[in-house]
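J.: Chain order of the listed sequences is A and B.
Counted the way my numbering counts, the first sequence spans residues 1 to 635.
Counted the way my numbering counts, the second sequence spans residues 1 to 94.
The hints are simulated quantities; they were obtained by calculation from the structure and are not laboratory data.
This list has only true hints and no planted wrong ones.
The list that follows gives simulated cross-link-like pairs (lysine-lysine, DSS-like), each with its CA atoms no further than 27 Å apart: (1) A:Lys112 / A:Lys127; (2) A:Lys226 / B:Lys26; (3) A:Lys380 / B:Lys75; (4) A:Lys546 / A:Lys515.
Some but not every residue of chain B turned toward chain A, in silico, with C-beta under 7 Å: (5) Asn30; (6) Asp69; (7) Arg92; (8) Lys93.
Partial chain B-side listing against chain A, Cβ under 8 Å, derived: (9) Val27; (10) Leu34; (11) Tyr47; (12) Pro65; (13) Met68.
Ideal Cβ placement from N, Cα and C applies to all residues, glycine included.
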Amino acid sequence: MPEVKSTWAQPGHWPYPIRYKESTEISTDVLILGGGLAGCFASLAVAKKGLKVTVVEKGHMGRSGNAGGGTDHWPDCYIPGVSKATPDQLAKARSENHDGYALEEHYYISAKDGWDRLLDLEKLGIKIRDTEGEYKDSVTRDPETGILFVYDIVNKNHVSFWGAGPPGKPKGGMNYAMRREAENLGVKIYDHVYATSLLTEKGKQGGRVVGATGINSQTGEFYIFKAKATVITTGWVTRLWFYAGNEWSSGWGYQGFGSSSNVGDGMVMVLRAGAELMNMESSMPSPVSFGSCAGPIIGVSGLNDKKGDSVWPATVIDSTGKPIPARRPHGQSVGCIPFFLGPGAMDKPEGEALKKLMKEGKIIPPLYLDTTCLSPMEIKRIVEVNLNNEGGWIETGVTTGKDGTRTVDGSKEMVEVQDPYIPGYGREMKWGGSGGGISIDIDGKTSLEGLYAGGDITPGSTGTTGAGVFGWRSGNSAADYAAKTTTPMIDDKQVEAEKARVYGPTELKEGVTWKELNLAIKYIMTTYCNEFKNEGMLKEGLAAFKEIRENEVSQLYAKNPHELMRAVETLGLIDIAEVILHSSLARKASSEALGFFRLDYPELDPPEWRKWVTVKMEEGEIKIGTEPIKHMEEK
Amino acid sequence: MAMSTVSWAPVVINPTVCTGCNECVKVCTNGVLLPNPEKGKPPIVAYPDECNCATSGMSLRWIAPCAMDCPLYQKGAIKVYIPYYLRQRTKRKK
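Just chain A, with the same shape it has in the complex (with noise of 0.2 Å):
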C-alpha cells in the first residue's frame, strides 16, 4: 500500500511550474464555461455553426460533471412514434409532482427535443437501442425499436441506454465521445482551468458579458477569455451543509450526491455580474435523499422521497419478506404502474407514512430490495445496461467482497436499502423542477445580454435529458448571438481587481485553510439554515457570514494552485449561502414542494406565496424580487 505523503503537496514539492498572475488572453466567438454533459452539448451546436468555440472545464471535458462517467438513463423524452406521454403531459404531470412549482415550458422542450440529442449520442457512436436483441425478452424492451425504458416502462418516455460505452474501454462513454467529436471541429479546450468571473462591457454590474477570468489549477496562471457569447454550464452546488458520516474531519471525503468540484462557481460568476437566479431558497439539505450513501451502487434509491426511484424492477420487501407498499416509482411519469417496487405501489406511502408503518410495527427493517423473482436475462440486463453505464462501471463496492468490490449476485442476494433511517442526509440543490440557479428562457438566454446557461445550473433543465436539450440551445442561441455581433472590449480594471481577489490567498504564508473556512460554512448553513428556520436564525447566518469574512476570509490562504482553486471556490460558496439566507429570508411562506419551512410562517403554500423569489445583484447590493409562475398553454 503506497503511503501517501503529504510532502508532495508543499510548494518546493509541486510538480508544475508556479506561474501565478501570469496572464494569457484568448479572444473567442463563443465560450464556454464547464465541460459536463451540457457544455459538451454547447459546444457541438456552437462548433457545427461554424464558430470558434472555447471551452473552460476545471477538471477534464469529458470526465467532469455529473454525468462523466457516463449514465444508463435519459428520462422524460417523447420519442415520436414510441412514446405514450406527448410532451405537454410529460410537462404537465412533472409540473403536477411539484404541486406547480414548477418550469412547465422548460420541460416541454426537455421532452420535446431529448431524443433529438439522444439521437446525436448514437450518431457519435454511442449505443442507445438494444439492436442485436439482447434482451429480446425484456419486459423494459420495445419490440419495434429495441429501446430499452426504466421507471414507466409504460409510456415508454425514459431511456435506459449505454452511456458509459463498452465497459474495460477507456475514453469511452458519451461526454468522451463528444469531447472527441468537439476536437475534431476544431473545439479549443482548456482542462483543469476554472472560471472565476464574467467580464462585463465597461465593468459593469448588470452589462453585457463580454468574457471571463480563469486559473490554470496546476500552474496557477491566469487567462482572460474575450468572447462574443458566453455560455455557463457549470453544474450546481455542494458542499454548503453537514452529512451524516462523509465529511474531512471523519478522514474520508466530502459529498454523498454529484461531483464535489460542483460546488456553483457559475452561480457567484452570475450573481456578480448582475445576472437573476431563483428559487435559491429551496436549495437545502433534504430531510431526505435521494439516495442512501451506498444503496445507489446498484441504483436502490430512497423509498421515502418522492422524486427518487429505483433502476431494478423489483420488489422491496422488509425483514420478513412483506412487499413494502411503495409510492409511485418515478413521479413525473404519466399514468406509472406499480412495476419497480412490486404490488401495491401505488399506495405510494412517502416519508413520514413509510415512518408510521415502521412504528406500528406493520413494517419491520432493514429493508432489501429483492430480485431474486427476476429471469436471469432482467438481471443481466440490470448488470450490462444500468450498473455497468451508471451506478458502478468497473465493480460494485459491497461490504462481503474479499477487497470490498464484487458483483453482487441479483438471483440470489438482496441489497439492503439504508435511506429511511438516514436522518438528515439530504442533497444541496433538490431535483428536478424545484431547485435553485439561474433564470434562462427556453433558449437558454439569460437575464444578461451575451450570457447564456444550461444544465444543472438552472432550474427547468436538470437532469441527463435537460442538460442534453438546454446545452445544446443555449449553445445554438449563444452562437446566432455572436454571429450578428463584434468582438467586445475588455475592461482592464476589472480583470485587476479580479486578479488581486482570486490570488489574495496566495500572499500569505499561513492562516486558514479552505477546509477550515469550507466547515464553518457548512457549520452556518447547517445551524441557521437546516430543515426548519425563521427570520431570527437566518439574520443570525448572515450575522456569522459577516464575522468569517471579517475574520478567517481574511487569513484564507493557499499553498499551490490547487489549494488555490479550493480557496477561491469557497470564497464563492459564502455568497450562494448568502444569496440563499436572504432568499429564505424574503419568502415568508412554508412549502412542502420546495421544502421549505419557516417556523414563523407555518402556512403552507398559501395562495400569495404560489410565485417564485428572485436575487441578483445591483450596485454591489442583493436586490430580491419576486415573478409569478408561469403555467403552460394547453398544446
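Dock chain B against the given chain A, drawing on the hints supplied.
T.: Just chain B, lined up with the frame of chain A:
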C-alpha cells in the same frame, strides 16, 4: 495486491504495473493525483480526501476516470478502493 485492509488512500496504484503515463492525473476531475517528479514512476495520491469517486462509493457519481481511462487497468495498475461505510450490504434470500 492485497486490498483487504483499510487504507486511507482511495486510489491505489501498483508501482510494478504502472508505467507513469499520467493519464489518470490528466482525467481526475478533482486534482487528487499529481505526476511523480521521477519520470516513469506512479503518480502521487496527493489529495486522498478529495477523491470524490471513492468517497461517493463510485456509485453516486458513477465515475472514476482514473481507473476508467487507465490503459493498464485490466492488468491491475490502478484500483479505486471504496471505504466500508460506502459499500453495499447484501443478504442472501432464504
